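A.B. asks: Take the given structure of chain P and dock chain D to it, following the hints.
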Amino acid sequence: MTLEAIDGRGDDARGRAEAADMPLAEPAFDIFAEARRQVEICNACRYCEGYCQVFPAITRQTAFASGDLTQLANLCHNCRGCYYACQYTAPHEFALNLPGVLSDIRSDSWSRFAWPTGFAGLFQRSGAGIALALVVALALLFAAIAALPGEGAGFYAWLGHNAMVAIFAPAFLFPIAALAIGIRRYWREVGGKPVVWRDLADAGAAVAQLRNLSGGQGQGCNFEEEERYSDQRRWLHQAVMYGFLLCFLSTCSATLYHYLFDWSAPYPWWTLPKLLGVPGGILLVVGTAGLGWLKTRADPALGSPANWNGEMAFILLLGLTGLTGLVLYAVTGTAAVGSILALHLGCVLALFLLTPYSKMAHGFYRMAALVRDAQVKSGRVPASSGQARR
Amino acid sequence: MGTSDRDDIAETFDVVVVGGGNAALCAAMEAAEAGRSVVLLEGAPKFYRGGNSRHTRNFRCMHRGALGPLIDDYLEDEFFDDLLKVTKGETDEGLARLVIRNSEQCLPWMQAHGVRFQKSLSGTLSLERTNAFFLGGGKALVNAYYATAEDLGVTIRYEAQVRHVGLEGRRFTHVDVDIAGQRFRIKGSTVVLAAGGFQSDIEWLARAWGPSARNFLIRGTPYNRGVVLKDMLDQGAVSVGDPTQCHAVAIDGRAPKFDGGIVTRLDCVPFSVVVNKHGDRFYDEGEDVWPKRYAIWGRLVAAQPDQVAYVIIDSRSLPLFMPSVYPPVAAETIEQLAKKLELDPDKVARTVREFNDSCRDGDFRPQQLDGLATEGLDPPKTNWARPIVEPPFYGYSLRPGVTFTYLGLKVDGEARATGADGPYENVWAAGEMIAGSILGQGYLAGFGMTIGTVFGRLAGKGAAAHDA
Chain P
1176 MTLEAIDGRG DDARGRAEAA DMPLAEPAFD IFAEARRQVE ICNACRYCEG
1226 YCQVFPAITR QTAFASGDLT QLANLCHNCR GCYYACQYTA PHEFALNLPG
1276 VLSDIRSDSW SRFAWPTGFA GLFQRSGAGI ALALVVALAL LFAAIAALPG
1326 EGAGFYAWLG HNAMVAIFAP AFLFPIAALA IGIRRYWREV GGKPVVWRDL
1376 ADAGAAVAQL RNLSGGQGQG CNFEEEERYS DQRRWLHQAV MYGFLLCFLS
1426 TCSATLYHYL FDWSAPYPWW TLPKLLGVPG GILLVVGTAG LGWLKTRADP
1476 ALGSPANWNG EMAFILLLGL TGLTGLVLYA VTGTAAVGSI LALHLGCVLA
1526 LFLLTPYSKM AHGFYRMAAL VRDAQVKSGR VPASSGQARR
Chain D
720 MGTSDRDDIA ETFDVVVVGG GNAALCAAME AAEAGRSVVL LEGAPKFYRG
770 GNSRHTRNFR CMHRGALGPL IDDYLEDEFF DDLLKVTKGE TDEGLARLVI
820 RNSEQCLPWM QAHGVRFQKS LSGTLSLERT NAFFLGGGKA LVNAYYATAE
870 DLGVTIRYEA QVRHVGLEGR RFTHVDVDIA GQRFRIKGST VVLAAGGFQS
920 DIEWLARAWG PSARNFLIRG TPYNRGVVLK DMLDQGAVSV GDPTQCHAVA
970 IDGRAPKFDG GIVTRLDCVP FSVVVNKHGD RFYDEGEDVW PKRYAIWGRL
1020 VAAQPDQVAY VIIDSRSLPL FMPSVYPPVA AETIEQLAKK LELDPDKVAR
1070 TVREFNDSCR DGDFRPQQLD GLATEGLDPP KTNWARPIVE PPFYGYSLRP
1120 GVTFTYLGLK VDGEARATGA DGPYENVWAA GEMIAGSILG QGYLAGFGMT
1170 IGTVFGRLAG KGAAAHDA
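Sequence lines, in order, name chains P and D.
Start counting the first sequence at 1176; every next residue gets the next number (the working numbering).
Start counting the second sequence at 720; every next residue gets the next number (the working numbering).
Treat the hints as calculated values from the structure; they're not laboratory data.
Since the structure is predicted, the reported quantities are computational estimates derived from the model, not experimental observations.
Ideal Cβ positions, reconstructed from N, Cα and C, are used throughout, including at glycine.
Please note: incorrect hints may appear among the correct ones.
Claimed, not checked - Computed spacing ranges between beta-carbons, pair by pair:
no., chain 1, residue 1, chain 2, residue 2, range
1, P, TRP1372, D, ARG820, 49 to 59 Å
2, P, VAL1370, D, PHE1001, 47 to 57 Å
3, D, ASP870, P, VAL1461, 21 to 31 Å
4, D, ILE790, P, VAL1556, 29 to 39 Å
5, D, GLY754, P, TRP1444, 34 to 44 Å
6, P, ALA1352, D, SER841, 39 to 49 Å
7, P, VAL1556, D, PRO1010, 48 to 58 Å
8, D, ASP999, P, PRO1480, 50 to 60 Å
One chain only, chain P, in its complex shape:
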């Protein structure tokens, strides 16, 4: 441990810091100083070790550079177990709110890492921004359907396959490229090392079971029931995640049918696009409705209250995407296909384009944080981000 690491502590609020003659790090980011103060108290206590991966990660270090805090923040799944178990939350003078401060650091990190820089803040915070993006996407789709000729059966009669590809191939590839840049920036800040398969397997297992919302023993988290445990958020989140993946696989299978087998939509109910897509859509709708409802019952102060609108709008957009997809199937063969198609594709377009800049990005950063944690847990690499503290 170095002198600067010890003295870089930024909590001067109560006049406790004894390091007056050392410069403080990141004067621009007060939340880092506050997070460091809180994490150091946690590291002296350690009662919460069994809840999630954040606390074991804390105990592997004694000094916390900003890159370390960014990593802890993205590792935190906001289960709130630590908050309700904490003897030091306000009105105690230590005033810990670790889920809150890590939430702030997390959302700040997504804004900083987003490419092009500056976009993210808007859509993370602003429900209106997301709504506006949706309106623009919808207008684009309605205009495209009105202007471009249909070619083929089913919904292709309204918007031809080639036109769809022309719109959605870039709308799919651009967010991937943007996210890749963001994740690369993240990886550099937290001091990530080359990834091996075992890291991915470990992180993948954590994601598959959403282990970090399990409360450590499967009893669940403390999101909407406060001091009591509830596993609802984990189940609902996994409904959304697996629902989304099924919908994505459905689209992939349709693409294969189209190009490999020269078999165009519409597909009957027993084909992969429908067998994957319909359950996927239902899971997406049920899961997002449930998550949105839980969000209204949870204490906003333990997250980032400024992002509440943006997060809620994102949940609704995701649910609307699933719902319009199901409705589109239901109205097959009727005159409503044209408008429902525009609604559905408009949602998909907005969702894709906003992915790097909205709550949607969380999945990618969390995965990166879990991979990074797996590296450190394996003992192959040092726990510290290795980031110089000035």
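C.D. replies: Just chain D, lined up with the frame of chain P:
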């Protein structure tokens, strides 16, 4: 609280539980499960509910074979020997063995009432056989018990400070309680007293211990002011435990006056020199490993002028102990460090120099008694005597931190309290309020929770079985 609450508590309860920590909750749950109407009166507001239990982290438990998170065996005789070592015989063997024997079946009972356990915390491997750690610590246990008690129909009142326990001869009749500033009388067929010790009443502490107690810090809840204990003693209840003594450990001198809890501990004394405000050493810092010495350092510091001492280490020792909650004071020279600590720089530098000059060559092994002792130094340092020479240098202030007081009510093996004329008819007591019988001196990690759980359950069962 509105008038509806007043109506609410105008009724008579089968069991009135005074206090809101672990023992009180265990009693309330047992009585409610036996079908009794129970009211629990917690003096603290909801946030601070749970007394000192909210600062605890584990439960010492006898067991034959693996049990919950515990490994191997921890049998009655070994447990009792551990207790004898810390209390130096100041224990009631009958009650102590009762607690120890009952602890084994308490662990599954605790789980059934919502408590979750976790593996021994990092840095506490030595306890993985003897102490079962609560997932999330004591406040999570308290939360679980309150939730279970609510589900069992226990009436819970916060900010309910009991001022007087009504007794007619050997018979309990009612309590007078202030709830949110208003006085109420609550009648009950039985009462369980589990309202803790008096350590947060600084004036009482100063009368008992001496004026220097005003400089002590209180590690736990500010709500254990001994009001109920004093009321009972004033009415002739028989006491146990040394009325002048408290359990105090050496903690970070910058800790809050109350409620600093676990994080204010400092584990660096064995790797340091410790001086008083005059810059003089006063005791062997390396006498034994810290878990066996932190308690006596509470008394040592209490005996120093202004009840304060200063630990000084060099940069090599910083990684050797659990991180501190406040960063250490740091400087490039001992003189600068002394100045920052508001000590006489020349004096402290001389003390450290004398210590350094008396260190011998040898293997420094921080994890065990390494026998690396000073030569010709008074007082000596008998282990880990490595010169303090590598800058930067770090310093912490130390103050006595009071954990609990020993004075309490005498109880029998059924947790019944005793008055001047023999056992009361319908008064039980549990928790810190009676722990002085069993822990007459010293402390054994996690044993307070064991006493509270065993006696809380006994008291709740006894009160529930009482025929009014």
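A.B. asks: Run through the hints listed earlier and report the numbers of any the structure violates, in increasing order.
C.D. replies: 5 and 7
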